[in-house]
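**Q** Spelled out, the chains give:
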Amino acid sequence: MINRIYPAGMVLLLLAGCANDPVPTEQMRLADQAIEQATAVGAVSTDASMRLALSKQQLAQAALLDEQYKEARVLAEQAELDAREAEARVLASKSSAQLLEINKRINRMRQQLGSQL
Amino acid sequence: MSKGYQVALSVVLSLALGGCAGSQQASNAALEAARASFQSVKENSNVLRSAPKDVIRAGESLARADRLSNYWGSEADVEHYAYLSQRYSAIAVQKSELMLNQEREAKLELERQRLQLALREAKMLSLQEQGSMLGDQMISLATTQTDRGLIITLGDVLFDAGHADLKASANRTVLKVVQFLQLNPRRIVRIEGYTDSSGDDAQNLELSRARAQAVADVLTDLGVDSKRISVKGLGESFPVAENASFKGRAQNRRVEIVFSDELGGLGESR
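Protein chains in written order, with UniProt numbering: chain A, 1 to 117; chain B, 1 to 270.
Any given hint could be a false lead.
Unchecked claim - Derived coverage of chain B by chain A (criterion: at least 3 residues anywhere in the stretch with Cβ under 8 Å from a Cβ of chain A; other residues may be distant):
1. 79-85
2. 94-100
3. 149-161
4. 196-205
5. 212-222
These aren't lab readings, by the way, just hints derived from the structure by calculation. Note that this is a predicted model, so its numbers are computed, not measured. Each residue gets a CB set at the ideal place from its N, CA and C atoms; glycine is no exception.
Make a model of the complete structure from these sequences and hints.
**A** Below is the structure:
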């Protein structure tokens, strides 16, 4: 008897667990937005973090369709931060390139000034 | 209970425990990595200054992962929050990199402006010494109106043979071009390099591009916005004279500055 009630109880608990996880609509939106923003500054799917963001976004969408809400939320949270990291990385590397360029220019001008005098 | 059943049970049990130990190990490793990342951003004053919120969030996520690691069966959640914490730390590091670069750039920009003024002055001075002041001669700048637009040709003598650097004798022309572009802020230019037909094709193409780029560099150094300048190397194509004679080859080695019309309309590159 106990053996039969126990599995039933487990199933109920599991169902309750599922019901407790709300649909992560807001988190999905945040992930989409972060990916959009990273793309806007020039992050591409070949960047390591961006690739992670995009694949997790897809997995999150699939999980959402399967009503695996917790899994969807976890994936979307990670996708959001992956995308934000990709964005920050692109901005930092752009600024490094700019710095290199201005340094090159300054050296060139110094050289010219030297040969001019 | 049969012996077979007992064996099966112990196998299942050991597998389950093994599985647990494996995921426990993974979540512990993730937690350690997140802790190390957080430690290093927390101690970096530049990171704290440029991305305080991300550092705080890295700490919060880490604390959550830490708390969860005390509960049985929460390995996946521990790994998740450790991952988020590491991401926040990484974001903070990138943001501080950006901020430091921007600070350095602001300083260098001042230096660049100072050099630009000095360079202009030096070029003017060298012109005065050459006795060719900027003045009425301005109009007499060697321009030609062609179907491609207004063109100034910088001859071969303004470059050292085989090199891309402009000589000081090009100062007059260069200053005039800069002045002209400042008076006509909507005009843009395309700088085209050409060579004669002697030597290797690929090398000629590279040299012609390098010479055109050298002219573009001087213009930007003197204050012309680089967005107004495009550069193209055309190698030995489009000769203006026969390549048979020494004189003809010298004429073909040139840089042409093609000006757009007053509205910034520039013909297609050839």
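**Q** Run every hint past the structure and note whether it holds.
**A** Here is how each hint holds up against the structure:
1. 79-85: holds (count 3)
2. 94-100: holds (count 4)
3. 149-161: violated (count 0)
4. 196-205: violated (count 0)
5. 212-222: Answer holds; 4 residues pass the 8 Å Cβ test.
Violation of the numbered hints given earlier is confined to hints 3, 4; the remaining hints are satisfied by the structure.
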